[in-house]
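K.L.:
Read off the chains here:
There are 4 protein chains.
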Amino acid sequence: MKRIGMLTSGGDCQALNAAMRGVVKSLIFSGEQIEIYGFLNGYQGLIYGNYRMLDVSDFSGILTRGGTILGSSRTPFKTIRQPDENGLDKVESMKHNYFKLNLDCLVILGGNGTHKTANLLREEGLNVITLPKTIDNDLWGTDMTFGFQSAVDIATNAIDCIHTTADSHSRVFIVEVMGHKVGFLTLNAGVASGADIILLPEIPYDIDKVVEAIDARKKRGSRFTIIAVAEGAISKEDAKLSKKEYKKKLKEATHPSVSYRLADEIYKKTGQEVRVTVPGHMQRGGGPCAYDRVFASRLGAEAGKLILQGKYGFMVGYKNREVVKVPLEEVAGKLKMVDPNSSIIKEAKMLGISFGD
Amino acid sequence: MKRIGMLTSGGDCQALNAAMRGVVKSLIFSGEQIEIYGFLNGYQGLIYGNYRMLDVSDFSGILTRGGTILGSSRTPFKTIRQPDENGLDKVESMKHNYFKLNLDCLVILGGNGTHKTANLLREEGLNVITLPKTIDNDLWGTDMTFGFQSAVDIATNAIDCIHTTADSHSRVFIVEVMGHKVGFLTLNAGVASGADIILLPEIPYDIDKVVEAIDARKKRGSRFTIIAVAEGAISKEDAKLSKKEYKKKLKEATHPSVSYRLADEIYKKTGQEVRVTVPGHMQRGGGPCAYDRVFASRLGAEAGKLILQGKYGFMVGYKNREVVKVPLEEVAGKLKMVDPNSSIIKEAKMLGISFGD
Amino acid sequence: MKRIGMLTSGGDCQALNAAMRGVVKSLIFSGEQIEIYGFLNGYQGLIYGNYRMLDVSDFSGILTRGGTILGSSRTPFKTIRQPDENGLDKVESMKHNYFKLNLDCLVILGGNGTHKTANLLREEGLNVITLPKTIDNDLWGTDMTFGFQSAVDIATNAIDCIHTTADSHSRVFIVEVMGHKVGFLTLNAGVASGADIILLPEIPYDIDKVVEAIDARKKRGSRFTIIAVAEGAISKEDAKLSKKEYKKKLKEATHPSVSYRLADEIYKKTGQEVRVTVPGHMQRGGGPCAYDRVFASRLGAEAGKLILQGKYGFMVGYKNREVVKVPLEEVAGKLKMVDPNSSIIKEAKMLGISFGD
Amino acid sequence: MKRIGMLTSGGDCQALNAAMRGVVKSLIFSGEQIEIYGFLNGYQGLIYGNYRMLDVSDFSGILTRGGTILGSSRTPFKTIRQPDENGLDKVESMKHNYFKLNLDCLVILGGNGTHKTANLLREEGLNVITLPKTIDNDLWGTDMTFGFQSAVDIATNAIDCIHTTADSHSRVFIVEVMGHKVGFLTLNAGVASGADIILLPEIPYDIDKVVEAIDARKKRGSRFTIIAVAEGAISKEDAKLSKKEYKKKLKEATHPSVSYRLADEIYKKTGQEVRVTVPGHMQRGGGPCAYDRVFASRLGAEAGKLILQGKYGFMVGYKNREVVKVPLEEVAGKLKMVDPNSSIIKEAKMLGISFGD
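Protein sequences, first through last, are from chains E, P, B and W.
Per my numbering, residue 5 is the first one in the first sequence, and the count goes up by one each step.
Per my numbering, residue 5 is the first one in the second sequence, and the count goes up by one each step.
Per my numbering, residue 5 is the first one in the third sequence, and the count goes up by one each step.
Per my numbering, residue 5 is the first one in the fourth sequence, and the count goes up by one each step.
Derived by calculation from the structure, the hints in this document are not laboratory data.
Among the hints, a few may not be true.
Calculated cross-link-like contacts (lysine-lysine; reagent style DSSO-like; alpha-carbon spacing at most 30 Å) [stated by the list, open to error]:
#, chain 1, residue 1, chain 2, residue 2
1, P, K329, B, K223
2, B, K323, P, K323
3, B, K94, W, K251
4, W, K251, B, K255
5, P, K213, P, K350
6, E, K272, P, K104
7, B, K82, W, K272
8, B, K340, P, K6
9, P, K213, B, K309
Partial list, derived from the structure: chain E residues whose beta carbon lies under 7 Å from chain W [as the list claims (entries may be wrong)]:
#, residue
10, K29
11, S30
12, V156
13, T160
14, H184
15, V195
16, A196
17, G198
18, E269
19, R302
20, N324
21, M354
22, L355
All C-beta atoms in this analysis are idealised placements derived from N, C-alpha and C, irrespective of residue type, glycine included.
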């Protein structure tokens, strides 16, 4: 008999339900007796003892459904050691609820922040298994995260739509893709949709190089230019600022968003009309793509296996096309970023894509 | 033998290519000899004599393709009588090019602005046939325009994506749908995607009613509210301002866009987190949906028939499921708007949707 | 206080859930007290008293979902007056269950067969409201049925996929579209996807005309031909047979499906390779398109209104863009078919499409 | 200056155009002078000297387009050494055309058969670079082929559609997925869409185990069962036959297709209604998915690099997330198959999926 707590934390994404279904199906089909406690709205549910019992019927038909049946919330790691507004010790409360329910382990689905807290709970003596969920694919220790490929599909589709309209008019189009610190999503959506310029947080851009790339296209007879910009793209000069200085600069900017500021600059330097599109939260929504469904189901199944074996303290990740277990302490607090010298960047440049560097 | 000029003007949309293919196929399969002059980038091509000869192979494979193979541009009707920067009389130049090429007629695809200029050319003695293209479905004299249903699909998909993510978090989500003056697109996408509140230019909203609707949902246990807002949605008090006053107010606003201002107000009044999504130009892009392809092909075919019969001065429209011809002078300058007392509005209200009125 | 029974009968299709959600939402938001009895698996549930109580939460989130939450089954009208295998009188049993539950009315969603039985129940004294569901759009008394446009989207997408592969190879491709008696689906999907030949039950084809159309394409330099065939397409000579003779001929045929027989004939007459694709039940599946969601929601809302007004014995239909009520006795047993002389057929021919006639 | 011949051979698939665009873009942006000879319709074009000169504009806008702009054909390796019907030596003719045009190399896109012929040309002294195209992902020497993920998306969508309709009715549904020898496509689409039973060529099935799995579902209260069957799925007893005996048995069968025979058997053994869907060539069609566009573009870019370096005789493949070059002699004639003991199969079984073994 196994008693398992489960929660989804942080920004939601596609295939969370698929992954949870995978865990539960693999436990149930193992023949083991199980009880599943679904904590609602992320760590909040664990802190305040807010849960509901789940059975296999709760997981029927959710393979293809976006969002998370458990709800989610952001519970910042930064303040996890601080008492809540009523003076409650959040970490102690989570431990209390865990032990009171006599849980064998917690299955936690989340991204970077979530993993820091998960690792803290492990250090505090709880049995924890995590699953790597994020549209950013920025989790250290795994080649891939679920949500990523689905978000690539949506961002790609957004740029595809812009492509047909750009082709009809003579303009520069900027599409802002999600990703504050890491550019995998923008990079893949940009290459997939034939963007002409791709600007990533990891490769600070030179506005003059960007303008050069636009001009080069004009010279080759192209009427339009499409720029895929990550939310966290940054200019070379801003990259030299301290974090504090940069934050201050952003606050004083006419637009907090990089795309609108970039649009202004390009217009000033080229005189060309610029249009901005921000698909925003759409990129987290909708049903998971086939790739993510297979991927999340596989990870979920292997998480179930680890639970049956009583192997805790791991993130279930993916390395060289195999599902692997990665010690949580190796994952927590580390970020996987786009390497400016990686082969995909070189290949993108070979295709004529400018990174503004 | 027929010599036909063709151009697409204004913001592009889906099914422009499908409509042009319809015209050309119906002319060619009639057995008549034809020559087609495709003017590039809207009226600009006609003004400056910029065209290319088109044959049937140019229209092969474009039924499903978004944008327009002829390019487009906005040539404001307001300034059409003013000389260009080199002193060229634009209207005279269009007439000159028309008669120089010895054209039998012009086929013009466009929306409201385009139709005003098309009607002016008719008054100036040119033979004109128009086709109603706009994602806004705001053209007078026709039940439907092509581009509309395709844009509904995209805006609906955007709200669908937001729906799954809204369901996981406890928030108010605003999706800004295209439509400055007319709300058909927002209304249809809102009903199709199960939006809780729909705000249209034609029905000025009371912010307190909007907040009331959000609260009512909370009381019924719903964690989130989705608001579909037309770009041109307006509050009851702003609707009382003169056009000039309103423009001034918009200029001084922190955000020019209604959705961001609305988000601020809702946050102030409810304390709930609000997120804004702006699919923007995506709504004009991508390939046409099946409905628009059939519809645009049918209109195109009937336009070809009118040309063969030498019947000019008409927009090819759609009334009660039949393709009809509507005199251009009846169409030009008139706007079709959502009637606040129409049955679809009443039905939407019966479904529990709030219009903030 | 209203007690309402609800059931979905016949082959399922998209937007059944959307329509039921519309009925229930409009009843609930009217402020009236209501109880909803959902009979499971069509008339079977009514016959055998198999139902579950539904509340508004059952209808939450189902607007976009395909299938029917109530299940469906085919209960042939032909045998409705015959006792079941245990000697049970089916009609009496339905009446019994209706009166035992003290229902105010039955809401029945279905196609042609379903409407015959619904009308019979009306004649037997039950209060009945029906909603027109079918991917065939063949219900008399309404311009449109829900499911139709969603099925057009899927069949169109199937032919689109074939188009790209046909373009690469030199072949004839046949796509078999659903529709045994009526060709609206094939006609619309065929025009939408640029099929070269469209064969419908309503327009018997001459195989020599089909071959002629293929040859004409070859002469014009096209490498491939795409034929959209309705399941019930029929040759001119077969159309002369009696129903009985035709059934016999079909039974003895190498292939029961028209597409495979047609493929054989074309291969024999032209020597060209022919490939057949049968999307089949896919056409009933998946989520409803935006158009169907709006449409079904509107019909559902108006059905709710009729119930509140106590107006029974009607199908809620659609005429000239307005929702209308049509007496059931006018609908039952009649089929709406493609008129070979309708303008859409003429327009399709103007586009160069052959109907093999 | 480089003179490059290019051709696409075998069944077409998604991302062929994307891959060719990648090659050409990477060559052009390298600054090298290039001439590209596009041979039409696969090896046929090379044999008969049928080609057209391609420039960069031919590759504009084709990233997202399905099919191949060069056309394709099947030229069986088995008969490549036999003269054609006019006595022409095909291999000599290909060599003749290659040397007459003074080509530096041939870029060949294709699957297994194509690679055998490509390797033969290499042995005959031609410089050859190949790119792995196939929806089957069965090419030895590469983790992935382009076309595969796009086909998974389509097959998954087909089963998704069936899922909604299956849910409404009480039936067994069989979906036949492409793959005569290799089951990767069926396996991935089956897991992605939540199929209950998956039958692959690599894992011969026992019909009694299949029936057992259907019955087990019924006992758990499921109304329907979905079976994803590869075209080449085979029963345990048929797997014992010699190739010749099996071919003979197939010829004599009532249905050549495994799904229809399986349907008959299941109906006989369970009495349950069974429906068959065959998406067929749809799986090769439509535009490439985002994953395939990125993947094919990367391979294309690296192929361009090899050409610039004068490194010939390789297939450009993918290993452990990096693009690699694989000697053609290692690839030709080998098939990559699903390993019944691989972790994905084990994980699928942990999810409760039956493989009928």
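K.L.:
So which of the earlier hints does this model not fit?
P.N.:
1, 3, 6, 8, 14, 18
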